[in-house]
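*Asks:* The listed protein sequences derive, respectively, from chains P and L.
Following our numbering, the numbering of the first sequence begins with 22 at its first residue and continues without gaps.
Following our numbering, the numbering of the second sequence begins with 144 at its first residue and continues without gaps.
Be aware that a few hints might be false.
Stated by the list, open to error - Among the chain P residues that face chain L by a calculated CB cut under 8 Å, a handful are:
{"id": "1", "residue": "A47"}
{"id": "2", "residue": "R48"}
{"id": "3", "residue": "Q259"}
{"id": "4", "residue": "I269"}
{"id": "5", "residue": "P571"}
Please keep in mind that the hints were generated in silico from the structure rather than gathered at the bench.
Note that the structure is a prediction, hence the values are computed from the model and not measured.
Virtual Cβ for every residue (Gly too), placed ideally from N, Cα, C.
This is what each chain is made of:
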Amino acid sequence: MVGRAHTPRPAPDAPTSPAKSGLPVARVTLWGLAVVVPLAFLVVFFAWPVLTLVGKGFVADGHLDLGGFGEAFSTPRTWRIVGLTLGQAVLGTAASVLLGVPGAYVLFRCRWPGRGLVRALVTVPFVLPTVVVGVAFRSLLVEGGPLGFLHLDGTFTAIVLALVFFNYTVVVRTVGGLWARLDPRAEQAARALGASSWRAFRTVTLPALAPAIASAASIVFLFCATAFGVVLVLGGLQYGTIETEIWIQTTQFLDLRTASVLSVVQLVVVAAVLLVASRTRARRERALSLGSDRASDRRLRLWGRGPDGTRSALGGDLVPFVVTAVVVVVLLATPLVNLLVRSLHVDGAWSLANYRALGSTGDRGALSVTVWDATWNSVRIALVATAIALVVGGLVALVVSRRPRRRVGRRAVATLDSLFMLPLGVSAVTVGFGFLVTLDRPLGLPVDLRTAGLLVPIAQAVVAVPLVVRTVLPVLRAIDPRLREAASTLGAAPGRVLRTVDVPLAARSLGLAIGFAFAASLGEFGATSFLARPDAATLPVAIFDLIGRPGQGNYGMALAASCVLAALTAVVMLAAEQLRGERDGGEL
Amino acid sequence: MQHTTGRRARSTTLAAGTTAAVAALTLALAGCSSDDDAKAAPSSAGSSASATGPVTLVTHDSFSVDKKQLAAFEKKTGITVKIIKQGDAGQLTNQLVLTKDSPLGDAVFGIDNTFATRAVDAGVLADHTPADQPSQAAQYAVDGSDGKQQLTPVDYGDVCLNVDHAWFTKKGVAEPKTLDDLTRPAYKDLTVVENPATSSPGLAFLLATISAKGEDGYLDYWKALKANGLKVDQGWEDAYYTDFSGADGKGPRPIVLSYSSSPAFTLSKDKSSTTTGALLDTCFRQVEYAGVLDGAKNPAAAAKVVDWLQSTEVQSTIPDLMYMYPVNPAATIPTAWKKFAPLATKPLDVPAADITKNREAWIKAWTAAVVG
Numbered sequence: 022m023v024g025r026a027h028t029p030r031p032a033p034d035a036p037t038s039p040a041k042s043g044l045p046v047a048r049v050t051l052w053g054l055a056v057v058v059p060l061a062f063l064v065v066f067f068a069w070p071v072l073t074l075v076g077k078g079f080v081a082d083g084h085l086d087l088g089g090f091g092e093a094f095s096t097p098r099t100w101r102i103v104g105l106t107l108g109q110a111v112l113g114t115a116a117s118v119l120l121g122v123p124g125a126y127v128l129f130r131c132r133w134p135g136r137g138l139v140r141a142l143v144t145v146p147f148v149l150p151t152v153v154v155g156v157a158f159r160s161l162l163v164e165g166g167p168l169g170f171l172h173l174d175g176t177f178t179a180i181v182l183a184l185v186f187f188n189y190t191v192v193v194r195t196v197g198g199l200w201a202r203l204d205p206r207a208e209q210a211a212r213a214l215g216a217s218s219w220r221a222f223r224t225v226t227l228p229a230l231a232p233a234i235a236s237a238a239s240i241v242f243l244f245c246a247t248a249f250g251v252v253l254v255l256g257g258l259q260y261g262t263i264e265t266e267i268w269i270q271t272t273q274f275l276d277l278r279t280a281s282v283l284s285v286v287q288l289v290v291v292a293a294v295l296l297v298a299s300r301t302r303a304r305r306e307r308a309l310s311l312g313s314d315r316a317s318d319r320r321l322r323l324w325g326r327g328p329d330g331t332r333s334a335l336g337g338d339l340v341p342f343v344v345t346a347v348v349v350v351v352l353l354a355t356p357l358v359n360l361l362v363r364s365l366h367v368d369g370a371w372s373l374a375n376y377r378a379l380g381s382t383g384d385r386g387a388l389s390v391t392v393w394d395a396t397w398n399s400v401r402i403a404l405v406a407t408a409i410a411l412v413v414g415g416l417v418a419l420v421v422s423r424r425p426r427r428r429v430g431r432r433a434v435a436t437l438d439s440l441f442m443l444p445l446g447v448s449a450v451t452v453g454f455g456f457l458v459t460l461d462r463p464l465g466l467p468v469d470l471r472t473a474g475l476l477v478p479i480a481q482a483v484v485a486v487p488l489v490v491r492t493v494l495p496v497l498r499a500i501d502p503r504l505r506e507a508a509s510t511l512g513a514a515p516g517r518v519l520r521t522v523d524v525p526l527a528a529r530s531l532g533l534a535i536g537f538a539f540a541a542s543l544g545e546f547g548a549t550s551f552l553a554r555p556d557a558a559t560l561p562v563a564i565f566d567l568i569g570r571p572g573q574g575n576y577g578m579a580l581a582a583s584c585v586l587a588a589l590t591a592v593v594m595l596a597a598e599q600l601r602g603e604r605d606g607g608e609l
Numbered sequence: 144m145q146h147t148t149g150r151r152a153r154s155t156t157l158a159a160g161t162t163a164a165v166a167a168l169t170l171a172l173a174g175c176s177s178d179d180d181a182k183a184a185p186s187s188a189g190s191s192a193s194a195t196g197p198v199t200l201v202t203h204d205s206f207s208v209d210k211k212q213l214a215a216f217e218k219k220t221g222i223t224v225k226i227i228k229q230g231d232a233g234q235l236t237n238q239l240v241l242t243k244d245s246p247l248g249d250a251v252f253g254i255d256n257t258f259a260t261r262a263v264d265a266g267v268l269a270d271h272t273p274a275d276q277p278s279q280a281a282q283y284a285v286d287g288s289d290g291k292q293q294l295t296p297v298d299y300g301d302v303c304l305n306v307d308h309a310w311f312t313k314k315g316v317a318e319p320k321t322l323d324d325l326t327r328p329a330y331k332d333l334t335v336v337e338n339p340a341t342s343s344p345g346l347a348f349l350l351a352t353i354s355a356k357g358e359d360g361y362l363d364y365w366k367a368l369k370a371n372g373l374k375v376d377q378g379w380e381d382a383y384y385t386d387f388s389g390a391d392g393k394g395p396r397p398i399v400l401s402y403s404s405s406p407a408f409t410l411s412k413d414k415s416s417t418t419t420g421a422l423l424d425t426c427f428r429q430v431e432y433a434g435v436l437d438g439a440k441n442p443a444a445a446a447k448v449v450d451w452l453q454s455t456e457v458q459s460t461i462p463d464l465m466y467m468y469p470v471n472p473a474a475t476i477p478t479a480w481k482k483f484a485p486l487a488t489k490p491l492d493v494p495a496a497d498i499t500k501n502r503e504a505w506i507k508a509w510t511a512a513v514v515g
């Protein structure tokens, strides 16, 4: 290697740039596969089902019929629904980002005892089934409840709060994942040159974080814009969104004509948002100096020092700390503690009876399996979904992290990136019903995938892929291309560059990605609830079955089972954090 | 996908070429998850005339059978039953209509009388009448256009308002009895019901009010309810467990829309009384059906499964497992039900064909009047 180092060689092109003569066939094939495999997955399990179902709505008696648009847009209700969708999604996203960025700092940049536990805790809301969140929130807010005096029950504010409750962790983790690895020296230099800590944050740190913030904001926006259960439970139909309307038109009326118009509207809104987000990211994304997170950690220091050496709230971590403490305690922990306390009460007295009952099938056999069996089913399915999401999402992130020299190439990469975000922004009902009309003989294969248990993890993976991409990508993109160039110059083959540069650095965000994908699957988001499910109850399904029936103890058991789901999530998140590749920490 | 660029389109063509490989890959990846996937799709050989082999029973989320009974049935008949669950009665029916040309399974359970004619009109079902169907069951059966039975009744129950006895005793207020009572000032802010657009008991109660007040009067009745502080929740669990004072959730409202059977599940500690009761003058009767799907791969065996659901052994488990009354009079009914969960003597009723014709219009009119 040393001998080759003096041979002057031009820096090699980025792999997706135009093939030069002598470019190894194997390399082109591999990159081709990295593009084709995820695309094929997206086409079969997302694009084709969605387009088929939406297409059905535009065909009447064998003719194209676009009259639905005119009808939909001439009703004021449609416009109100579009407005409410945008309103709650924008507010939910803004609040999540404003509260989440300080949270990312405190939970990922600062070192303090109990940090890991709180990090795990903030993820819990993300996986809780809506019906449980409904109980957790509404039993607090309902008249006569502990927070009934706020009169928030059934209000728009309650919906926005619940959206933040769900999505806070997305911002904290996505932004925190990058922040933890940001070299602190640039900010320190700015401080040493006399910038106030606010100014140093604003001019040095914030621009560096912008891609991660844009990433998080776009995911949260998509989650908020397609939020369905939480909107119905907390606000009812007066705050109906495009998503709830598609749900009603499709599942209750089977009015595909109206549903398809709404799906197109939803697609347009989502595509517009993705475009803006990808523009923002592209402008901001640049190579950053990344370190191991242990090296850039700093001890939490509440107070700064004023010019005269006195304690001052400025310059210390007091403001982000207080903001985060309030969010974590009031917004996240209160509903969860409410849930826990309720699960531990039977007939007004403290009791573990609800937890003991988890080994049974509920009052008079409300469940077909015990809650523990259901938990095992959930874990098994989530493992498969996570594996699929990691393979597909990892490949997408790898391809999208390249910066081709040609404009066309850059465009293609950006489009690919946005395409894989779409599953978060398209109605789960449309995807689920789309599966029904397409996967009876997928690609002509004699396998009815619709009723095969296999479709459940696949549908979950479709939703988990964008989470994996968004978690891994900011780190991959922040890798200085010169590092790769240096490796090539020193004679490393492309595969080796990938192995020694990209993979070790990306591996550090892998823990987060695994945790996210697993959590998304555990919580049964997306199309799964509209799939034909074989009779192998997962934990959220068991909770739904229990709380959907009268019977002494079923309600208590549902709450206890929710606490088990919460605890399981927290444990998985804690474990995933251990996979963060610390051993590679000293490399840079 | 409108913004698909030329470049992307090319990749998509490429993608199509390799989708088979991807499908294989994902199959391989996921293959370890559940052992029963392999036998998921019955081969086309299933269409033989003998009533054995695999049957896929498509049903709603609340379906439940005794596992031992099912195993015994499978052993006796040589039929293997695969159970597929999807959503509530409405979603189930609509999914069956959508997949009519390539049915999801062989038999269905869970279509109710509010969706019955929709399924029949769409041609989702095949003719089938169980050989020894009890006459009490036959009165509920739904026929196809040729006058032959397509939907076989399995169970029924009443959707009624429930009251919390303890709350009314404590406050010294007399309990309401009729629909009109609910609009009186004495019961202001006390009632919670489910939304007919999002919940099947909600739809049942809307139909009850249409039956009682007529198509001309039901919206005025709802407006009066709303003016009297009615709360509308999206689903049963939300109304019953969060807003209702008589259930484990201990909410604020003592009148809730639930089932006539619910009081059998709120017994006092010594099981001698129940703490809630149903208002039997406010009930809508719900009937749940089974049937053989048109285009089933194994119709003969599917018919046997439908017959089995009407058998005395299965029917006797229905109150405990599905919270409904069995249609077969030979089935046993739990003592608590006889005592605490009586059915309405004169339930409110709307003909199934009228429901199918007007469901959407009624729900839309209701939404405009009550939700705004």
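*Asks:* Indicate, hint by hint, whether the structure satisfies it.
*Replies:* Outcome of the hint check:
Interface hint status for P:A47: violated, as the beta-carbon distance to the closest one in chain L is roughly 17 Å, over 8 Å. Taking 8 Å as the C-beta cut-off, the interface hint given for P:R48 is violated, the closest approach to chain L being about 17 Å. The closest approach between the C-beta of P:Q259 and any C-beta of chain L is roughly 5 Å, which is under the 8 Å cut-off, so the hint is satisfied. Given the 8 Å rule on beta carbons, the hint for P:I269 holds: about 5 Å separates it from the nearest Cβ of chain L.
Proximity of P:P571 to chain L holds as hinted, the smallest CB-CB distance being about 4 Å (cut-off 8 Å).
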